[in-house]
Amino acid sequence: MTSRGDTERPLAVFRSTFSLFVVLSAVIPLYLVVKQALTPERESLAWPPSWFPAKLTAIHFASVFKVSELLSAIVLSVVVAVISAALATALGGMLAYSMARRESSRATGMRALGGLRLLPMIATAIPLAVVLTRLGLYDSPTGIGLAIIHAAVAIPAAALTTYSAFVAVPVELEEAAWLDGATPMRIFVSIDLALARGALAAAFILCFIMSWDEFGFSLLIQVTNRTLPPLLYYYTVFGNVGPASALALIMIIPAVAVTLALRPMLRGSLLAGSFR
Amino acid sequence: MKRAPLSLWLTFTGVPLAFAFAVLVLPALQGVRTSFDSCGPSLDNYSTILHDRMFWEALANNLIVPLGSLALELIAGLGLALLLTSKPHASPLLEASAILPFAMPEIVCLAIARFGLGPRGYVNAALAGVGVNPLPWLAPGRALSLLSVMVVDAWHVTPVVMLMLIAGLQTIPDELYEAARLDGAGPIKTFRYVTLPMLAPAIVAAVVLRGVDALRIFSTALVLTGAEGVPVLSTYAYELWSDAREPAVAMAASVILAALVTVVGFAGMGLLRVVGLKELPA
Chain A
213 MTSRGDTERP LAVFRSTFSL FVVLSAVIPL YLVVKQALTP ERESLAWPPS WFPAKLTAIH
273 FASVFKVSEL LSAIVLSVVV AVISAALATA LGGMLAYSMA RRESSRATGM RALGGLRLLP
333 MIATAIPLAV VLTRLGLYDS PTGIGLAIIH AAVAIPAAAL TTYSAFVAVP VELEEAAWLD
393 GATPMRIFVS IDLALARGAL AAAFILCFIM SWDEFGFSLL IQVTNRTLPP LLYYYTVFGN
453 VGPASALALI MIIPAVAVTL ALRPMLRGSL LAGSFR
Chain B
251 MKRAPLSLWL TFTGVPLAFA FAVLVLPALQ GVRTSFDSCG PSLDNYSTIL HDRMFWEALA
311 NNLIVPLGSL ALELIAGLGL ALLLTSKPHA SPLLEASAIL PFAMPEIVCL AIARFGLGPR
371 GYVNAALAGV GVNPLPWLAP GRALSLLSVM VVDAWHVTPV VMLMLIAGLQ TIPDELYEAA
431 RLDGAGPIKT FRYVTLPMLA PAIVAAVVLR GVDALRIFST ALVLTGAEGV PVLSTYAYEL
491 WSDAREPAVA MAASVILAAL VTVVGFAGMG LLRVVGLKEL PA
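The listed protein sequences derive, respectively, from chains A and B. Plus 212 on top of the position in the first sequence (first one is 1) and you've got the numbering used here. Plus 250 on top of the position in the second sequence (first one is 1) and you've got the numbering used here.
Keep in mind that the hints were calculated from the coordinates and are not lab data. Quick reminder that beta carbons are idealized off the backbone N, C-alpha and C, glycines included. Certain hints may be false.
A partial selection of chain A residues facing chain B, derived with a Cβ cut-off under 8 Å [to be verified]:
(1) 259
(2) 287
(3) 321
Next comes chain A alone, as it looks inside the complex (with noise of 0.2 Å):
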């Protein structure tokens, strides 16, 4: 017993170090985000590089609403995002639902999308631009093959989000619509849909980030009529700091307010994998 005190005193030490670490290496680069989005582009490039503010200034939002390749890259993520989590709900929430009323729906649907996630992007991407090519909707103003591709890639996150609401349904009050004459598509939609629309809604928002944010397939799918993960790409690697900052927050605000209001329902779709 009279160890411990001497095992419990450095790990608390350890604890209170590492906590520190963790703060920090979240704290200090989004600050300096902020601090690069709001100060002039000569401060950001100076050597050494300024910790502090000598100087703010809006320019770089300012010229989000004027520059109007900025203004309709994010009008594109918007409608790509919207569409593509519209499609993935629907389509995970069926899938979703036969899995968790039929073995055989069950055992097919988690091989399925097991298989799925061993697919590298860059396999699919460059023959989905040939294909996209012919159907002409490569590089689509309006976003659309990004779209279609963004709801596939979601499909499995959409499903695992919405399954187990499927499960809490119990199977007696499906019995008793029945036996009261309910088709199967009433029973599906005033009981069912109806019960875990809770879950629905957390998967919609879900894969609308997921489309957010996926860089990816849209740096191979929108080359010209660019949505916003490939314009910071672009503005990063050619080094427009202050603009590029400002990008990042605005891209920043809805993923981490959304991943933080969801953290609860969040596992299911951390097991359908990221996007890349």
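Could you slot chain B onto chain A? The hints should help.
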């Protein structure tokens, strides 16, 4: 709704899977065909990349970087999971900070890292501040830039590993800790003989899931160092496609990557079965 007609189940299962298959798998299969085509069936595309020094560098990096990044993620993720679940309860600030790198879009993390690690970036400024010479964190073709890519990649996804391990920690019954305490075990022994063995399935699941994702590394290497700085298979294929305009050769490289991921994925699923997980926990 056991009495619903079979056609309804076929529709509900079939339509979403057919959609995903048509959009993602079918083009990939078409791509496999393209990779074996050079004015007729041939292995020319594969022979081209096998004679390219850059391909071998990309293949080596595609094994080294994921391994290193996975190791960092596991250590940091386990540390964070223990920190956040230990009593007294972690503050909301700590909790939010722990998850923030994953909450931020990947491209934003990479943009920040590129500004921070550049020759005139904040990391070098901090080094200069304490009298250390600046380091070429992202310079092409150096071991240091390999390390930078690993660390940045791990930084963004460590919260995922953390959340998976927290879920695993929460399944360990309190009675076990109680028993260990009554037997006089200190924190280190408790960790070694209670936490670690009980957490093993969650750790294996995290390794398999993250390992498969890590092999598909693309954005981190591309944004930080460019396609030629630290080439990996995805960026190598991307460059062949976008700059060299050689889609068939690019597909050959992609097919090799897909084969690598598939082999590792199936080996991983076998490993999951060994630790008693029949399928991924949902």
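Hint-by-hint comparison with the structure:
Nearest Cβ of chain B to the Cβ of residue 259 (chain A): about 5 Å, under the 8 Å cut. The hint holds. Annotation: residue 287 (chain A) was flagged as interfacial toward chain B, and the flag is violated, the nearest CB pair being 17 Å apart, outside 8 Å. Proximity of residue 321 (chain A) to chain B holds as hinted, the smallest CB-CB distance being about 7 Å (cut-off 8 Å).
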